[in-house]
Structure formats: structure tokens, C-alpha cells
Amino acid sequence: MNSQNECLGRRIRVALVGGGGDGFIGKVHAIASTMDRRAELVAGALSSNPETARTSAVAMGIGKERGYESFEALIAGELACDESERIDLVAIATPNHTHYPFASAALKAGFHVVCDKPLTTKLTDAEALASEVHTTGKILALTHNYSGYPLIRQARAMVASGEIGDVIAVRVEYLQGWKQLQTTGTPKRGAWKSNPELAGPAGTMADVGTHAFHLARYVTCFQPERLTCHMRQFCDESLDDYGLVTLSGAGGPLMSVCVSQVSHGRLNDLRIDVDGTKGAISWRQEEPNSLIVRRQGQPLQVYERHPAAEHMHDAERSACRIPPGHPEAFYEAFANIYCGVYDDIVSLAASRPLQQNYPTVQDGVEGVKFIERCVQSAAADAEWVEF
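Taking my numbering, the leading residue of the sequence shown gets 1, the next gets one more, and so forth.
Derived by calculation from the structure, the hints in this document are not laboratory data.
There could be a bad hint or two in this list.
Derived lysine to any residue pairs resembling SDA-like cross-links, with alpha carbons at most 25 angstroms apart [unchecked claim]:
id, residue 1, residue 2
1, 122, 347
2, 27, 7
3, 27, 225
4, 369, 382
5, 108, 384
6, 369, 352
7, 108, 369
8, 108, 343
9, 369, 180
10, 122, 343
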């Protein structure tokens with residue numbers, strides 16, 4: 001048992017919903033949720049296909065009796081378990097349209113929730129989940145995992161401490177090119193993400209645009225007041241695959257968001273630039289262990305992930321696991337979201353205030369609002385709309 005769980009006297013018990021078969025994100029949840037030995041994956045409903053659910057449970061080391069064939073069976077089965085064995089948390093790694101019913105049912109059953117983005121496909125459902133979190137007293141975290149990178153937490157601390165002055169502009173882009181690789185007549189990767197009934201009203205803007213929007217707000221605490229958005233479909237699909245957004249913030253700062261899944265040669269090119277009155281910072285997800293710092297009249301500085309360095313903030317140090325020079329990246333950042341959730345599960349057990357060192361249900365509400373406002377603006381030829 002990890003010493004950080006001492007007041008519980010055991011590891012936190014996790015159930016995973018979705019992510020079976022050859023899915024990518026479910027395996028990330030399985031690894032990240034257990035990386036620090038604070039939790040164990042003990043149950044799952046890993047696919048809507050019963051056979052895939054069973055075989056995937058075996059592959060993930062879940063016992064036969066707790067490898068459920070449906071989400072409903074998982075909830076019923078876990079409620080029937082003795083409290084000493086029952087799960088504490090449900091991790092949801094399923095298509096967007098299931099997020100609301102699954103998260104709502106898990107909260108009402110008394111379980112904490114970690115949910116993939118976007119929180120829901122409708123703003124009214126997101127707001128309902130926020131109300132249910134308040135009513136149940138349970139935790140709901142969203143896996144905007146880029147906020148878990150050590151140097152993103154360093155950037156946030158630098159902005160908050162005034163090291164680059166007042167923020168005047170934020171530029172963030174998330175560029176991918178995988179949709180250009182798909183040929184006609186072959187099964188499409190993530191096909192559900194282009195189906196409005198499963199993905200909701202947006203495609204790329206919901207898939208990676210919500211990550212970009214959250215990252216910008218996490219680093220800068222940007223408060224949007226209104227936005228204008230262009231969305232395009234360059235591939236033969238029902239939903240957008242490219243988008244440009246400009247947001248005007250409280251007090252005058254601007255934010256620009258560019259997202260694409262049709263940019264040739266781009267893999268997961270997420271980057272953020274923040275301009276302040278005293279300096280600027282830049283970070284790129286494909287080079288996650290470096291943070292570029294620029295100050296007027298001074299040489300360019302490169303801050304490298306270094307938990308022992310005096311110039312680094314505690315937020316960076318607490319997000320690191322290994323010595324500097326060894327890269328930490330996607331899995332570790334994802335695990336940092338889980339660690340924040342585990343910290344608050346322990347805090348609840350000890351009657352201590354929550355720290356909420358993870359994307360909260362309110363962040364999820366703001367993300368769904370961002371999607372809806374973008375769709376509204378794009379449908380009106382990029383008309384400015386109130387946020």
C-alpha cells in the first residue's frame with residue numbers, strides 16, 4: 001500500500017468501463033490508474049460486445065467474476081459486493097454519448113468518477129452532472145491529461161506568480177493528420193467520432209479542441225467572454241475536421257485556438273504560447289520536458305524538467321517521478337490526474353478539504369459550453385457569440 005493512502009489502509013479499487021479490444025485509451029487508463037501503486041484495477045465492463053468484454057478482462061488481469069458484460073451489470077454487481085471489496089471509482093473510456101448516463105449512474109450508486117472528455121454531448125447534461133456531483137459529494141474528474149505534465153504545471157505556476165506579467169494573449173493549437181491516411185473503402189479509425197449520434201455536435205473541435213481550450217485556461221486562468229469560430233469538413237465526413245477560434249477574455253486578453261486532424265505529417269502536435277507584459281512562455285507536447293521562456297532583452301531560456309532545481313515551482317516537483325534527464329511524458333501525465341483524484345478520495349475519508357488538483361466537473365461544463373458556442377458561431381458564418 002502506498003503511504004499516501006494510509007488513512008484508508010488499502011489501495012483504491014477501480015473499475016474500467018470501455019477500452020477493451022484493440023482500443024488505445026482504455027490501456028492508458030489501466031496503466032495510469034495503477035502506476036503509483038495507490039490503486040488496483042479490480043473490475044471492468046470493457047466492451048459492448050460481451051465476448052470482447054470477457055477476453056479483455058482476462059488480458060487486463062481482472063478476475064472472471066468481475067469482468068462484466070455490460071455497464072449495468074457492473075454497477076449491479078459491485079453494489080452487491082461486500083463493502084470491503086466494492087469498487088471506489090469508475091473510469092469511463094467510452095464514446096461521448098455514453099458519458100452522461102454512465103457517469104450519472106455511477107455517481108448515484110456512490111462511486112467516484114474519472115471520465116474521458118468531453119464530459120457530455122449536451123450542455124444541459126453537463127450541468128446536470130455538476131449538480132449530481134454537488135448532491136452526492138462524490139468526485140468527478142476529467143482526463144484532460146495534458147494538465148498533468150510537470151512543465152505545464154510549472155508554466156501555470158509562473159503565470160500565477162506574475163513572472164511573465166499580465167497575460168495579453170494565448171495561442172494554442174492541436175494539429176493531427178491521421179484522417180489524411182484513411183482511404184476509401186477501408187475501416188475508419190475512430191469512426192464513431194464522426195457520427196453526430198455518438199460524438200455529439202462536433203468532431204475535431206470536441207476531440208482535440210476541448211484539450212486545447214482546457215490547456216489554455218489551465219495555464220492562464222483565461223475567462224472567456226465571447227468567441228468567433230470557423231469549422232470546416234475537408235474529408236468526407238459528417239462533422240468538422242478543422243477549426244479556428246478566437247476568444248475575447250475578461251479584461252482584454254485574446255485567445256486563439258487552431259485544431260486539425262487533416263494536416264499532413266502532424267501527429268499529436270499540441271503547443272501553447274502565452275504572451276505577458278514581462279515575458280512569454282512556450283511548450284510543445286511532442287517535446288514535453290522543455291519549457292521555453294522569453295524575456296525582453298534577455299537570452300532565450302530553456303527550462304528542463306528538474307524537480308531538484310531551485311528555479312522550479314513545487315507544482316512541477318510534485319508532478320515528477322524520476323530524476324532529470326530521463327523523459328516523463330503521456331502515461332505519467334495521465335497518472336498525475338489519477339493521483340490528484342486519489343489525494344481527494346483520501347481527503348474525503350479524513351474529512352479534509354479537497355485540493356482538486358485535476359480537471360473538475362466544472363472544467364467539463366466549460367468544455368461542453370465551448371463546443372456548443374463554437375458550433376453556434378460556425379453555423380452563423382463565424383458570428384461573435386457570448387460565452
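Okay, the hints, checked on the actual structure:
Restraint check for residue 122 and residue 347: the C-alpha separation of about 31 angstroms exceeds 25 angstroms, so the hint is violated. Between residue 27 and residue 7, the direct Cα distance comes to roughly 29 angstroms. Violation of the 25 angstroms bound is thereby established for this hinted pair. Taken as a hint, the residue 27 and residue 225 pair is broken in the structure, with Cα atoms around 38 angstroms apart against an allowance of 25 angstroms. Note on residue 369 and residue 382: the hinted pairing holds, with a Cα-Cα distance of about 16 angstroms set against a maximum of 25 angstroms.
With a CA separation close to 38 angstroms, the supplied pair residue 108 and residue 384 exceeds the 25 angstroms bound. The hinted pair formed by residue 369 and residue 352 fails the criterion: a straight-line CA distance of about 31 angstroms is larger than 25 angstroms. Pair hint residue 108 plus residue 369 holds up; C-alpha atoms about 24 angstroms apart against a cutoff of 25 angstroms. With a C-alpha separation of about 21 angstroms, the suggested pair residue 108 and residue 343 falls inside the 25 angstroms cut-off, and the hint holds.
A C-alpha spacing of about 29 angstroms is found between residue 369 and residue 180, which places the hinted pair above 25 angstroms, so the restraint is violated. Distance hint between residue 122 and residue 343 is unfulfilled; the C-alpha atoms sit about 30 angstroms from each other, more than 25 angstroms.
In summary, the structure is inconsistent with hints 1, 2, 3, 5, 6, 9 and 10 from the numbered list given earlier, while agreeing with the others.
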